[in-house]
Amino acid sequence: MILKRLQLETNLAETTNCYIIVDEITKETMVIDPASHVEQISEMLTILQANLKYICLTHCHGDHTGAVVDLQNQYAAKVLIHRKESENLKNPEVTLNYYIGMPDIRLEEDSRIDDNDLIHLGELEFRVIHTPGHTNGGISLYCEKEKMLFSGDTLFRGTWGRTDLPTR
Amino acid sequence: MGHGEELIYQHGSLVEIIDAITNKLLILPEDTIVYPRAWKIHDDKRRKTNLFGVKRT
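Residue numbers (the working numbering), protein chains in the order written: chain A, 4 to 171; chain B, 3 to 59.
Since the hints were made in silico from the structure, they are not lab data.
Every value quoted in this text rests on a predicted model; they were computed, and no experiment measured them.
Any given hint could turn out to be false.
[Claimed, not checked] Subject to a maximum C-alpha distance of 30 Å in a straight line, what follows is the list of computed DSBU-like cross-link-like pairs (lysine-lysine):
(1) A:Lys30 to A:Lys7
(2) A:Lys7 to B:Lys26
(3) A:Lys81 to B:Lys26
(4) A:Lys150 to B:Lys26
(5) A:Lys81 to A:Lys93
(6) A:Lys93 to A:Lys148
(7) B:Lys26 to A:Lys148
[Stated by the list, open to error] The calculated label-pair distances, taken between Cβ atoms and stated as ranges, are:
(8) A:Ile50 to B:Ile20: 35 to 43 Å
(9) A:Asp118 to B:His13: 19 to 27 Å
(10) B:Gln12 to A:Lys150: 32 to 40 Å
(11) B:Lys26 to A:Met4: 33 to 41 Å
(12) B:Glu32 to A:Arg86: 39 to 47 Å
(13) A:Ile28 to B:Val36: 21 to 29 Å
(14) B:Gln12 to A:Gly125: 12 to 20 Å
(15) A:Gln10 to B:Lys26: 32 to 40 Å
(16) A:Glu96 to B:Asp33: 35 to 43 Å
(17) A:Asp73 to B:Asn25: 34 to 42 Å
(18) A:Asn76 to B:Leu16: 32 to 40 Å
(19) B:Thr24 to A:Glu147: 18 to 26 Å
[What the hints assert, rightly or not] Non-contacting residues of chain A with respect to chain B, defined by C-beta distances greater than 10 Å in every case (computed):
(20) Thr13
(21) Ile28
(22) Val41
(23) Thr49
(24) Asn76
(25) Tyr78
(26) Tyr101
(27) Ile103
(28) Asp120
(29) Gly125
(30) Asp156
(31) Thr157
Beta carbons are placed, not taken as given, at the ideal position from N, Cα and C, and that holds for glycine.
Using the sequences plus the hints, can you model the full thing?
Below, the structure is given as structure tokens:
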């Protein structure tokens, strides 16, 4: 597995961690939470000779999704989000795009995922763990083989995500 | 949604997030490497309590 972390700036004070995960053999790749700056993500994908298969969103908030449309335009990758988050993704009152200062873009997922679904990149397997609370359809991704957990905004270092934001 | 209907939002849930962390994440192997949203210590002043043992005044 190749793992790259990009700290992408949005209009919020804190950067968002965008993760690029590549299966070294097949080059199948997943981008988790492409928050912004598609050029940085694309540059890294090119360096890694990545075959982008999935764009996985841990939840719908705009500071995790800002580069999704541009990535969709450049790559034939499927956008994945939890079933309960699908409606939220199209609702600017929930994505907080206005609050974050982002354009009013209504994103459309390609596939809805559920708790315990498995996402495969070559030999790598990621299990979807539904972790609601920050939003109703928030997820974490767990790779048992590599013992890695990508927690989205469910976990911050030393604390958990905010629970006072609107969701449906 | 029909005309005149009002969207009703709820908020996130502290109970749900604690439940998810406790029952789904903390049961993962102890040597799991966690990649959270933020890697720096996050002392959110919006919270009524902080999580680092210092009482707010």
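Using Cβ atoms and 10 Å as the threshold, tell me whether Asp120 (chain A) really stays out of contact range of chain B. holds, 14 Å
State, for the Cβ atoms of Glu96 (chain A) and Asp33 (chain B), whether the hinted interval 35 to 43 Å holds or is violated. holds, 40 Å
Are Lys26 (chain B) and Lys148 (chain A) close enough, with their CA atoms no more than 30 Å apart? holds, 17 Å
When you take the CB atoms of Ile50 (chain A) and Ile20 (chain B), is the distance between them in 35 to 43 Å? holds, 40 Å
Beyond 10 Å from each Cβ of chain B, as asserted for Gly125 (chain A): Gly125 (chain A) is indeed farther than 10 Å from all Cβ atoms of chain B, at 20 Å.
Does the claim that Ile103 (chain A) lies outside the interface with chain B hold up, using a Cβ gap greater than 10 Å? holds, 15 Å
For the range 39 to 47 Å, tell me whether the beta carbons of Glu32 (chain B) and Arg86 (chain A) fit it or not. violated, 30 Å
Is the Cβ of Thr157 (chain A) more than 10 Å away from each Cβ in chain B? violated, 6 Å
Hey, is Tyr101 (chain A) genuinely clear of chain B, shortest beta carbon separation above 10 Å? The claim stands: Tyr101 (chain A) keeps its Cβ more than 10 Å from every Cβ of chain B (closest is about 14 Å).
Does Lys7 (chain A) lie within 30 Å of Lys30 (chain A) when you go C-alpha to C-alpha? Distance ~14 Å between Lys30 (chain A) and Lys7 (chain A) Cα, so the pair holds.
Evaluate the given range 19 to 27 Å for the C-beta pair formed by Asp118 (chain A) and His13 (chain B). holds, 21 Å
Does the Cβ pair Gln12 (chain B), Lys150 (chain A) satisfy 32 to 40 Å? holds, 34 Å
In the structure shown, a violation is registered for the earlier hints numbered 6, 11, 12, 14, 15, 30, 31, in ascending order.
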